[in-house]
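A.B. asks: Chain residues, written in single-letter form:
There are 2 protein chains.
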Amino acid sequence: MPNSPRRKIPEAALIRLPMYLRLLGEVTAQGVTHISSDQLAELAAVNAAKVRKDLSYLGSYGVRGVGYEVAFLAYQIQRELGVNHEWPIVIVGAGNLGQALANYGGFVERGFGLVGVFDTDPSKIGTQVGGICVQHLDELSEVVQTRGVSIGVLATPAATAQEAVNRLVRAGVGSILNFVPIVLSVPRGVHISKVDLAGELQILSYYEQQKVNSLSHIQGTTTSSRAVSA
Amino acid sequence: MPNSPRRKIPEAALIRLPMYLRLLGEVTAQGVTHISSDQLAELAAVNAAKVRKDLSYLGSYGVRGVGYEVAFLAYQIQRELGVNHEWPIVIVGAGNLGQALANYGGFVERGFGLVGVFDTDPSKIGTQVGGICVQHLDELSEVVQTRGVSIGVLATPAATAQEAVNRLVRAGVGSILNFVPIVLSVPRGVHISKVDLAGELQILSYYEQQKVNSLSHIQGTTTSSRAVSA
DNA sequence: CAATGTGAATATATTCACAGCT
DNA sequence: AGCTGTGAATATATTCACATTG
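Line order of the protein sequences matches chains H and V.
Here the first sequence is numbered in numbering that gives the first Met the number 0, starting from 0 and rising by one per residue.
Here the second sequence is numbered in numbering that gives the first Met the number 0, starting from 0 and rising by one per residue.
Heads up, some of the hints might be wrong.
Copies of one chain are not kept apart here, so a pair can be met inside one copy or by any two copies together.
Taking lysine to any residue and the SDA-like style, the derived pairs with C-alpha atoms no more than 20 Å apart in a straight line are [claimed, not checked]:
{"no.": "1", "residue 1": "123", "residue 2": "55"}
{"no.": "2", "residue 1": "49", "residue 2": "140"}
{"no.": "3", "residue 1": "52", "residue 2": "78"}
{"no.": "4", "residue 1": "123", "residue 2": "166"}
Treat the hints as calculated values from the structure; they're not laboratory data.
Here the structure is a predicted model, which is why all the values come from computation and not from measurement.
My request is simple: use the sequences and hints to build the entire structure.
C.D. replies: Following this line, the structure appears as structure tokens:
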């Protein structure tokens with residue numbers, strides 16, 4: 000076991016690994032075989048020291064005075080992320096967002112094969128979504144077991160999300176990508192990563208609001224609301 | 000100007016405000032009028048001190064010994080986030096993801112009205128997506144100006160994403176929600192928030208991989224790859 | 001007296017700066 | 001000479017713990 004990872008990668012660093020991996024893929028396509036932390040930092044729009052520190056959690060895979068071998072580094076990141084294994088996924092919830100995600104090519108493109116789409120609405124069951132026949136949620140467990148699914152994508156209405164999570168967990172799914180903007184409870188050991196689409200917009204709204212505020216400050220107008228209507 | 004905010008809210012706290020706001024809405028619907036940091040922390044699944052610290056950046060809106068008045072606190076968060084103003088949005092890219100986002104009810108539900116969907120593909124232009132007629136990207140500037148759009152959602156293919164960003168910025172958009180997994184360059188002052196859907200899965204893949212590794216450790220098997228095929 | 005608001009303590013993340021290799 | 005890897009320094013975030021207050 001020559002260089003197994005030093006154990007846990009800090010969350011902040013982990014989040015950047017997929018970006019580095021993608022960038023390495025891009026430069027490979029351009030024929031680049033070696034890259035320095037400065038160059039990778041430029042592409043990633045981050046500090047070079049951060050790149051080196053992040054990569055150091057994987058091991059010492061660079062060469063002093065030279066940089067990193069792109070293919071080798073990419074392999075090490077893949078190995079650490081576990082994406083050189085297959086991770087079939089299921090989507091629970093075949094509404095607008097669920098269908099969208101099923102049709103979204105980006106998952107398959109980066110190695111996540113969709114093996115099931117589930118809903119409880121009889122009018123949805125049997126329809127084709129993303130090349131997959133929508134099945135009743137009761138079939139979830141069967142598919143998760145037989146296909147060895149450990150990651151589920153949650154895109155149900157808010158009201159049924161917790162029940163869907165319970166079923167995913169009971170079926171054996173160990174990680175969930177949650178698009179439903181509610182706080183879900185999961186047993187210890189189950190990872191749940193949340194994407195709140197409207198929440199992201201609200202954060203952007205804050206930044207835009209700040210700009211408006213600072214402008215009205217300069218102009219000496221009050222901050223009381225006038226701009227409520229479009 | 001009685002209690003204008005103390006200036007910039009730390010990023011880490013800002014990210015949680017939309018969650019608090021949503022939770023306050025939920026408890027309001029249940030008839031709750033007052034809430035303590037302990038209770039809100041329970042709902043949000045975070046530490047109570049964190050809730051108080053986060054809320055303290057907005058001002059002192061709690062009452063010692065009592066807690067926070069839900070409606071008043073919600074209003075203050077809304078005001079701080081700027082979501083009591085209208086923020087019409089546009090979507091650039093009417094492919095799978097763009098259509099999905101256009102049809103996704105969650106944006107409108109939380110106050111973000113969709114006023115334009117843009118693409119350059121002639122076969123897409125003129126089709127109805129999310130109740131909106133897809134327009135050519137050349138029309139972007141016109142719509143942004145007349146509708147006062149300051150937030151754009153980016154869902155183009157990777158190859159055309161930077162050009163689309165340039166157009167958004169030139170048209171006057173100040174913040175961008177980016178679903179395209181590439182690093183984009185924007186001028187100073189333009190905010191760009193990134194959602195890398197496949198990247199999220201890769202992070203989950205890491206956690207699942209960790210579980211596999213720790214299991215094989217216990218069983219004394221090597222970590223060398225065998226589980227590559229499904 | 002119950003719960004806020006906040007300094008102080010701790011933990012985590014980022015950046016600097018340079019010793020150590022190739 | 002050039003670039004990594006990393007301790008030390010700094011910055012940011014979280015949590016503790018309690019004085020303060022309605």
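A.B. asks: If any of the earlier hints don't hold here, list their numbers in rising order.
C.D. replies: 1, 2
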